[in-house]
Every structure is written in structure tokens, then in C-alpha cells.
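Peer 1: Listed here are the chains, written in short residue letters.
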Amino acid sequence: MSANGSRVISVGHYQPEKVLTNEDLAEMVDTNDEWIVSRVGIKERRIAAENEKVADMAIKAAEQALANSGYGPADIDMVIVATVSAKDVCPNTACRVADALGIASPAAIDVNTACSGFEYALAQADMAIRVGSATRALVIGAEKLTAVTDWEDRSSCVLFGDAAGALVVEGTDDPALAVSPVVWGSEPSMSDVIRIEEDVPFIKQAGQTVFRWATTQLAPLVEQVAERADVKVSELAAFVPHQANLRIIQGIAKRLDFSEDCVIAEDIVYSGNTSAASVPLALSKLVQSGKVASGAPILLFGFGGGLTYAGQVIRCP
Amino acid sequence: MSRDEIREGLSDILEEVAGVNPDDVAEDKSFTDDLDVDSLAMVEVVVAAEEKFGVKIPDDEVANLKTVGDAVSYIEKG
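Line order of the protein sequences matches chains Y and F. Just so we're aligned: 143 in the numbering used here is position 143 of the first sequence, and the numbers increase by one with no gaps anywhere. Just so we're aligned: 367 in the numbering used here is position 50 of the second sequence, and the numbers increase by one with no gaps anywhere.
Extracted from the complex, chain F is given alone in its bound form (with noise of 0.2 Å):
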């Protein structure tokens, strides 16, 4: 799966569990700080992920996943 198909998973789960509008999703942005996702928004995020992806995110890693590249690359490790 490319890095594109990654990102376009992830604003799907965006939209869906934290409202996030698809066209501010890009690689350099901020969970946190430019989509507005919770710590607990966050989880929901990563749960939906773990699913559509069939990665497993433990809670550890939560915490290093700031933007969405870091999830992208985190995702596409496997």
C-alpha cells in the first residue's frame, strides 16, 4: 500500500471518528495541534486503524505518532 492510499485510509478514520475535513489532512500535519484530535479522539483514531490496516499501534506508540507522516510511516513499517 503506498504512502498516498495510507493517508487517504487515515483521513477516512479522521472524518469519520474526529470530523476532521479530508482537505486538511496532509503528512506535516499535527494531530494534536492542527486537527483538533484529543487524546481520547486519538485512540478511537488508532483502534479504527489498527483495523483497517491490520497493524497492531500499542499505547507506547501512541504518544510518538504527532502528525500524520509519523502515522503514514508507522502504518507502512507494518
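Bound-form chain Y, shown alone (with noise of 0.2 Å):
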């Protein structure tokens, strides 16, 4: 049985307890709380305990995300799992969450577009329920990217922290509830701008490229996301991009014709960079912060390593 579409019924998201403040970081780096503010807008981060691993967190608000849709392991029958960092590769951490749930025998699959690995995806996840491999899906985001952070490299281990999201998708004959067809692609010929290679394990990037990338490149993307989705920009509840840096946020927003009253996340501020995780994180929040209507619109945008990108509009559950 296939539907017309997918849509959004539940969301869930986890962050390690323990909290790193720009003054815990100012006492490991040559760094201070007003560097870190002015340049990337960051008051802190989240960082999982060393034996906590990219799957239990994804565990966590996959756990969430599931008991708020008000359906059961048996209902699930696929599992998608974005993320970068999973020291794990086999099983994957999808095949983890499944396991750790219950859930017996969903199509099981981690993706990695780094930070635009959510809504890749959650498109897959909408493809699928489309025609009909799938039924009701769990799309996590789950990073642990402080274990590939440089903690000497005061320009970047400023920026990281742990977390995850997820949300539950399920089959939908109504338009106006649907996940709309995503927009993705990328940029290979700047593969080398955002790195996590196996010489250097940690995750190096040149800023100044990425910010100009980020900041001139992406707003008409974001229109062509909306465009595909049939919503105009200024029609849009909230937008959530992916919280890279916040001057990158600002930067983007400033170029897109929004209205007043629509949120943009801003969820760096309390939990820094989390890659994957940082899109399904935000949403999660605002969601339960009850900000949204349901059925309102909300923009997705995905966007990091590789270069790569993605997004799409889906409708507050």
C-alpha cells in the first residue's frame, strides 16, 4: 500500500547532561566567552560522557519520538539514521535503535551527508513511505562530534557538541499535511573545505570559505525549497536550518524575504554544532515549546560536509 505522501507526526530529542560553558573552554584553549559569542554565537554546548555512543543518544530520542506518536515498536517499519560521527560501522546505528526499540524488522539504513544528513534523510524516508517500502518511519539525527574534535584547535573546538533528534513520519492522502519532494545536491569540487579524514581524524574545515558558501549560496536554495513545497517565504511558521554558526544563521535569514513572525531557530546558542542532530534538535524543541501551530509550514535546510544540502517543508505535528 502506497500513499501520496508522508507527513509528520512526532518529534523527540536528547542532549547529554553534562554542560560546557565558553568559560570551561576558555580554561582548555587560548579562548573567552566574548571571542566565542561575537564569532559564532555559541553560549555553550552539550557533551556526551566518554562511554556514551552515537547510538545510545540516538536511542534516547528515538525513544521520544516514538512514544509521542502515540504508536508502538510493531508500527514502525523503517528506521533511517544521519549521522557523521557513529564510531561504529557495523551493524549500523539504525540496526542499534531497532534493536534497543523492539522493533523487529524495519528496512534499516544510516546515511551520511554530515550536516545535511537529516534531511537526506527524511527524504528518503518520505520516498520510501511513497511508494510503498515503507509505512511509518523513525528519521534520527544523532551525533557525537566532540570524539572527532581537535580540543587544541581554539577555532574549531569552540564550535561542537553532542545530541539527537527524531522524528516519526507516516503515509498521508492530504496535500496540505505533506512533507514536500526535496531539494538536494552538492558541491564536490569543494569536497575539501570541511574535513574528517583518516590522516587527520578530526573535523578540519576552512571557515572563511565555508561562511562565504553558507552565506551567498544558500538563500536561493532555501527560495527553491519553498518554491517546490508551493509555500512562499513569507508564508513560512519557522525555518530551520542547521545550526553551524550563528552569524551564518543571520546571514542566511537576512537574504530571504520571511515574515515577522516567523521563528528561526536558533538553538546554537544552548547546544553548539551538532552536525546531523542539529536540525532534528531545534525542530524537536520548538515543536514541544508549543510556538507552532500544527499544520503550520516549516522549512528545513540542511547544509555541511561535502559540500552537500538539502531540504524540505514539512507541516508542525
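Simulated from the structure, these hints should not be mistaken for lab results. The C-beta atom is built at its ideal place from N, Cα and C for all residues, glycine as well. You may find that some hints are simply not true.
Claimed, not checked - DSS-like cross-link-like pairs, simulated, lysine-lysine; straight-line CA separation at most 30 Å: (1) 18/Y x 87/Y; (2) 383/F x 204/Y; (3) 254/Y x 369/F; (4) 254/Y x 373/F; (5) 383/F x 254/Y; (6) 53/Y x 204/Y; (7) 373/F x 204/Y.
Unchecked claim - Which residues of chain F face chain Y? A few of them, derived with a C-beta cut under 7 Å, are: (8) 356; (9) 357; (10) 364.
Claimed, not checked - Here are the in silico distance ranges between beta carbons for each label pair: (11) 381/F x 17/Y: 43 to 51 Å; (12) 234/Y x 393/F: 36 to 44 Å; (13) 90/Y x 372/F: 45 to 53 Å; (14) 217/Y x 372/F: 12 to 20 Å; (15) 153/Y x 338/F: 28 to 36 Å; (16) 153/Y x 383/F: 20 to 28 Å; (17) 200/Y x 381/F: 20 to 28 Å; (18) 217/Y x 383/F: 22 to 30 Å; (19) 325/F x 228/Y: 37 to 45 Å; (20) 255/Y x 395/F: 22 to 30 Å; (21) 199/Y x 355/F: 23 to 31 Å; (22) 369/F x 21/Y: 33 to 41 Å.
Work from the hints to combine the two standalone chains into their complex.
Peer 2: What follows is the structure, given as C-alpha cells:
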């Protein structure tokens, strides 16, 4: 059985208990609160425990999203996890999540498109539901970026945090509630701009190049996402971009025609950059805050390593 | 376009994107040390300068533009 589309029915998220403040970082490297806040807008971030894995965080976010959906494990037939930082590659994180939640025989997939991974994963779940290969999916973004952070690099170690976010999607025949067709792509010629590679297993990026790309090239892509969803940018109730850097978020936003009432997610201030987890984390908090009405359009947009990007409009559950 | 005109154009950009007081802008001033323009604000200045003066300033070149005078010279060459 296939459906004409899929819709988001619930959200969930998890962040580790331990808070790392800018003051804490100032004791580790040559930096200070003013420098960090003015450059990247981050006040604090959450750090996973040493023995806490990407899968552990994914499981907690998924449990919450599933509980909020009103369904049980037997009702899920697809688990898809976006992550760039899972150290365990087999079994993949999706199988660990499915096993922990008691989901018996789902399609279980990990996706790696770095910071845009969640939007790629959501698009694949949406397509699987549209063609009838899945009926209800758990879509998760989970990262332990502090495991791939160079704690001696003052320009990057202030940026990253750990988290997971999740949502449940199921089939719908109501176009007013459906996830819009994804706009996705990449800039492979800029592959070297953000790297976590074998020779240097930490996140290394050319900050100015990434900043220029993000603040000049992405706003037109966000407009394309809205166009494919048949929604005007000015009609959006919320914009949840990848939480890379507050100045990037604001730099993109100022080029777009949002209404004054549109909520622009700025969870980065309290969570740092959590790569593929950042959008579902910010989205989950936004939905739980009740600031966005059920059914209102929310534009999700991920961008990052690859370089890759993807976005779609969902309706607030 | 004369060096003075380019400098004035840059001064307008610096005021708009980085809040720099136009009275402080002179050719011998360092963007980082004298005008407090950080690396990301420098990207915003460069992007605005490309639009205003119709030049291309690649990322590799940005690191060489240490003073206002360096930027004026680069833009003057077109």
C-alpha cells in the first residue's frame, strides 16, 4: 500500500547532561566568552559521556519520538539514522536503535551526508513511504562530534556539541500535511573545505570559505525548497536551518523574505553545532515549545561537509 | 575609479557590515588589528566589495588583504 505523501507526526530529542560553557573552554584553550559569542554565537554546548555512543543518544531521541507518536515498535517498518560521527560502522546505528526499541524487522539505514544528513534521511523515508516500501518511519539525526573534535584547535573546538533528534513520519493522502519533495544536491568541487579524514581524524574546515558559501549560495536554494513546496517564504511559520554558526543563520535569513512572525531556530546558542542532529534537535524543541501551530509550514534546511545540502517543508505535528 | 573613491566605497561597506567608524578608515589601517574586523566579517566585506566594484576576490587572496590599502590596490587592479 502506498500513500501520496508522508507527514511528520511526532518529534523527540536527547542531549547529554554535561554542559560545557565558554568559561570551561577558556581554561582549555586560548579563548574567552566574548570571542566565542561574537564569532559564532554559542554560549554553551552539551558533551556526551566518554562511554556514551552515537547509538545511545539516537536510541533516547527515538524512544521519545516514538512515545510521542502514540504508536509502538510494531508499527515502525523503517529506521533511518543520519550521522557522520558514529565510530561503529557495523552494525549500523539504525540496527542498534531498532534492536533497543524492539522494532522487529525494519529497513535499517545509516546516511552520511554530514550536516545535511537529516534532510537526506527524511527525503528517503518520504520516498519509501510514497512508493509503498515503508508505512511508518523513524528518522533520526545523532552525533558525538566531541569524539572528532581537535581540543587543541581554538578555532574549531568551541563549535561542536553532542545530541540526537528524531521524528516519526507516516503516510498521508492529504497534500496540506505532506512533507514537500526534497531539494538536494552537492558541491563536490569543494570537498576539501570540511573534512574528517583518516590522516587527520578531527573536523577541519576552511572557515572563511564555508562562511562565504553558506551566506551567499544558500538563500536561493532555500527559496527553491519553498517553491517546490508551493509555499511562499513569507508564509513560513518557522525556519530551521542547520545550526552551524549564528552568523551564518542570520546571514542566510537576512537574504530571505521571512515574515516578522516567522520563528528562526537559534538553538545553536545552547547546543553548539551538532551536525546532522542540529535540525531535528532544534525542531523538536520548537515543536515542544508550542510556538508553532499544528499544520503550519516549517522549512528545514541542512548544509555542510561534502559540500552537501538538502531541504524540505514539513507541517508542524 | 580613484584610490580615494575606492577607499570611500570600502569605508561605506565597513560601516554597514562591521560597524566601523568611517573616520577610522585610512589606507594604513589593518582590518584585524586597527578596525576590529574579524575573519568572518572580512568575508562579508569582501562579498560586498565584489558586488560594489565588480571584481572577484577569491578566498586565497583574502588572507593577503591585511590593510585597507591592500584592498584598495587589489580592487584598483580590477
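Peer 1: Decide, hint by hint, whether the structure agrees.
Peer 2: Hint check results:
1. 18/Y x 87/Y: With Cα atoms ~21 Å apart, residue 18/Y and residue 87/Y stay inside 30 Å; holds.
2. 383/F x 204/Y: holds (24 Å)
3. 254/Y x 369/F: Holds - the C-alpha atoms of residue 369/F and residue 254/Y are around 18 Å apart, at most 30 Å.
4. 254/Y x 373/F: Holds. Residue 254/Y to residue 373/F sits at ~23 Å (cutoff 30 Å).
5. 383/F x 254/Y: holds (28 Å)
6. 53/Y x 204/Y: Since the Cα atoms of residue 53/Y and residue 204/Y sit roughly 22 Å apart, the hinted pair holds (cutoff 30 Å).
7. 373/F x 204/Y: Given that 30 Å is the threshold and the Cα spacing comes to 26 Å, the pair holds.
8. 356: Holds: closest Cβ of chain Y sits about 6 Å from residue 356/F, inside 7 Å.
9. 357: holds (5 Å)
10. 364: holds (6 Å)
11. 381/F x 17/Y: 43 to 51 Å: holds (46 Å)
12. 234/Y x 393/F: 36 to 44 Å: holds (41 Å)
13. 90/Y x 372/F: 45 to 53 Å: Given a distance of about 51 Å, which is inside 45 to 53 Å, the answer is holds.
14. 217/Y x 372/F: 12 to 20 Å: holds (19 Å)
15. 153/Y x 338/F: 28 to 36 Å: At roughly 33 Å between Cβ atoms, residue 338/F and residue 153/Y fall inside 28 to 36 Å, so the hint holds.
16. 153/Y x 383/F: 20 to 28 Å: holds (23 Å)
17. 200/Y x 381/F: 20 to 28 Å: For residue 381/F against residue 200/Y, whose Cβ atoms are near 26 Å apart, the range 20 to 28 Å holds.
18. 217/Y x 383/F: 22 to 30 Å: With a Cβ separation near 26 Å, residue 217/Y and residue 383/F satisfy 22 to 30 Å, so the hint holds.
19. 325/F x 228/Y: 37 to 45 Å: holds (43 Å)
20. 255/Y x 395/F: 22 to 30 Å: holds (26 Å)
21. 199/Y x 355/F: 23 to 31 Å: Roughly 29 Å apart at Cβ, these two residues keep to the hinted range, so it holds.
22. 369/F x 21/Y: 33 to 41 Å: holds (40 Å)
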